[in-house]
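Engineer: Once you've looked at the hints, dock chain Z against the given chain A.
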Amino acid sequence: DAGVIQSPRHEVTEMGQEVTLRCKPISGHNSLFWYRQTMMRGLELLIYFNNNVPIDDSGMPEDRFSAKMPNASFSTLKIQPSEPRDSAVYFCASSSQYEQYFGPGTRLTVT
Amino acid sequence: GNSVTQMEGPVTLSEEAFLTINCTYTATGYPSLFWYVQYPGEGLQLLLKATKADDKGSNKGFEATYRKETTSFHLEKGSVQVSDSAVYFCAPIENTGNQFYFGTGTSLTVIP
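Chain order of the listed sequences is A and Z.
End of the first sequence sits at 111 in this note's numbering; the numbers just go up one at a time, nothing left out.
End of the second sequence sits at 112 in this note's numbering; the numbers just go up one at a time, nothing left out.
Please keep in mind that the hints were generated in silico from the structure rather than gathered at the bench.
A virtual CB, placed ideally from N, CA and C, is assigned to each residue, including glycine.
The reader is advised that the hints may include incorrect statements.
Below, simulated SDA-like cross-link-like pairs (lysine to any residue); rule was C-alpha separation at most 20 Å, straight line [as the list claims (entries may be wrong)]:
no.	chain 1	residue 1	chain 2	residue 2
1	Z	K60	A	Y101
2	Z	K52	A	E99
3	A	K24	Z	E42
Where chain Z lies over chain A, by a calculated footprint (3+ residues, C-beta under 8 Å) [stated by the list, open to error]:
no.	stretch
4	36-45
5	92-100
6	103-109
So that you can see chain A by itself, here it is in the shape it has in the complex (with noise of 0.2 Å):
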């Protein structure tokens, strides 16, 4: 298996740009996390879906993010606009029980 797959793995855009970030998760995985990590905050949850429903989206900043998983293979987290403070690493991780398995992430810069 692959394991996660995310793309891009680095991305580089101007202040209000739009961003969209994907993600493909394990085959066979039923639940679907997006992360955002920073050094001033850690590791945070933005959302995360179970069989591509939303179930938990507290974790979201602003209306400026969004999340969509059309399908069991695939999610986007999109930013619009996208501001200098969203620059971090963004890790897309699946899991089918407890048990997390992540993907190598997106570093965003938002100049």
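Structural biologist: Relative to chain A, chain Z alone:
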């Protein structure tokens, strides 16, 4: 709600030193307990886990014992190596759900 408190870092040790990273948690139920490790530039990966009281999880020379009476899951290794330099996260998860509560992470640097 659930929460987890981890020993603050950064921790710097010499090679072959003994390592302890403390972790205590609060939970409304009976969680499973996990330690994750994050190597530089990578995502988190499972290091070890324990699912019930007095269970000991172990992997790569690391160990942690599920202590229900003290609600703790301290990570230990008898002799650290330079390759153990990473950030370590403690995480309880309730058996009724699958949402993790990660600790703040403890950065470990092992010097030759």
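Engineer: Each hint should be assessed against the structure and marked as holding or not.
Structural biologist: Structure-based check of each hint:
no. : hint           : verdict
1   : Z:K60 / A:Y101 : holds, 18 Å
2   : Z:K52 / A:E99  : holds, 15 Å
3   : A:K24 / Z:E42  : holds, 17 Å
4   : 36-45          : holds (count 3)
5   : 92-100         : holds (count 6)
6   : 103-109        : holds (count 3)
The structure fails none of the hints (numbered hints given earlier).
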